[in-house]
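J.: Each chain is listed here by its residues.
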Amino acid sequence: MRIPVERQILSANDQVAAENREAFARAGVFVLNLMASPGAGKTSVILSTAAALPTGCRPGVIEGDLASRIDADAVAARGIPVVQINTGGTCHLDAPMVKGALAELPLRELDLLFIENVGNLVCTAEFDLGADLGVVVASTPEGHDKPYKYPGMFAKADAVLLNKADLMSVFQFDLAYFRRGLEMVNPNAPLFAVSCWTGLGIEAWVAWLMGRLKS
Amino acid sequence: MHELAVTQSVLAVALEAAAKAGARRITAINLVIGEIGGFIDDSVQFYFDILSRGTPAEGAILRFDRRPATATCRDCGSSYPVTLPLPATCTVCGGAHLVIAGGREMRIDSIEVDDENTG
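In order, the protein sequences belong to chains A and B.
Counted from 1, the first sequence has number 74 at position 74 by this note's numbering; the numbering is strictly sequential.
Counted from 1, the second sequence has number 67 at position 67 by this note's numbering; the numbering is strictly sequential.
Some hints here could point you the wrong way.
Coverage of chain A stretches by chain B, computed from C-beta distances (three or more under 8 Å per stretch; other residues unrestricted) [unchecked claim]: (1) 8-14; (2) 22-34; (3) 56-65; (4) 91-105; (5) 141-152; (6) 196-205.
The set of hints was computed from the structure by calculation and includes no laboratory data.
C-beta: ideal position from N, C-alpha, C; glycine also.
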């Protein structure tokens, strides 16, 4: 006998993500889910963005990694409230992990919360965390073909940062080809070429982010 | 790698649906999966066989209804299914203005249960 089910496979995660979203709204905090390959520069993007925020915009960070506190220590060294989640081998953050971490953050004293997901261009796209925006960080050494190979990730992005843009010529990065791949799966996401090392493009990205935060 | 978490969710949803229907044994689970989700059928079945041991879903077969993504060319108007990696240009006219849609499904369509044990 066949019994119809018609449910999203990750409906249990989506339910907790909705609870997180409500908790963020109650606390009045705007939340970013940063997704990228390992080494694209997620932590650097967080630190560069936090440093460029207008006065009065208070950042906080949830760090997701398989293991270690390396990223959390780098964030804490800047005096930013941070909580580290160690997934113990799981290749992505999920909504319950984020929910568990919220109690350790002074949410009501924050305006902008960065959730740094585990470095992975596949799995992280599937798990809603309850964030307001999904931000994908790509980088020039990874190559310009990533939107064609990992369209699921780029299709979900509300914004894409291309980090290490100062090294574009070194890696013979074809920005037009990359942009075309992104627009093919996601015509609406703005693309910001940035360099956390030189500061290139950070101002434009933060200005866009502040616009979204206020709206 | 997210197959483990996905499989845990598949099992939980299926067991809940079976319990609600008063069924004692699940023989098959029908999944609808988009080609762009980047997940591997064999890997899900492998995890499922381990996770379902001792549950009413033990021995159940997972069936994957794979849904392709669709490319539509804004230059020549052609529309056709595509899989990974996505083409950079239209396979019909060579134009560089493709729009990709769909292929992101990830749902449980239905379960099949043993008639004799259905309460």
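J.: Mind taking a look at whether chain B covers the segment 141-152 of chain A? Criterion is 3 or more residues with CB to CB distance under 8 Å.
T.: holds (count 7)
J.: Just to make sure I understand the rule, a stretch counts as covered if three or more of its residues have a C-beta closer than 8 Å to a C-beta of the chain. Does the segment 196-205 of chain A meet that for chain B?
T.: Coverage by chain B is violated here, the residue count being 0 at a Cβ distance below 8 Å.
J.: Examine the segment 56-65 of chain A: at least three residues should have C-beta closer than 8 Å to a C-beta of chain B.
T.: That given contact is violated, which follows from only 0 residues of the segment 56-65 of chain A lying within Cβ reach (below 8 Å) of chain B.
J.: If you count the residues of the segment 22-34 of chain A with a beta-carbon closer than 8 Å to a beta-carbon of chain B, do you get 3 or more?
T.: Violated: only 0 residues of the segment 22-34 of chain A have a Cβ under 8 Å from chain B.
J.: Count the residues of the segment 8-14 of chain A with a beta-carbon closer than 8 Å to any beta-carbon of chain B: does the count reach three?
T.: holds (count 6)
J.: For the segment 91-105 of chain A, do at least 3 residues have a Cβ located nearer than 8 Å to some Cβ of chain B?
T.: It holds: at least three residues are needed, and the segment 91-105 of chain A offers 3 whose Cβ sits within less than 8 Å of chain B.
Violated hints, listed in ascending order, are 2, 3 and 6; each of the other numbered hints is respected by the structure.
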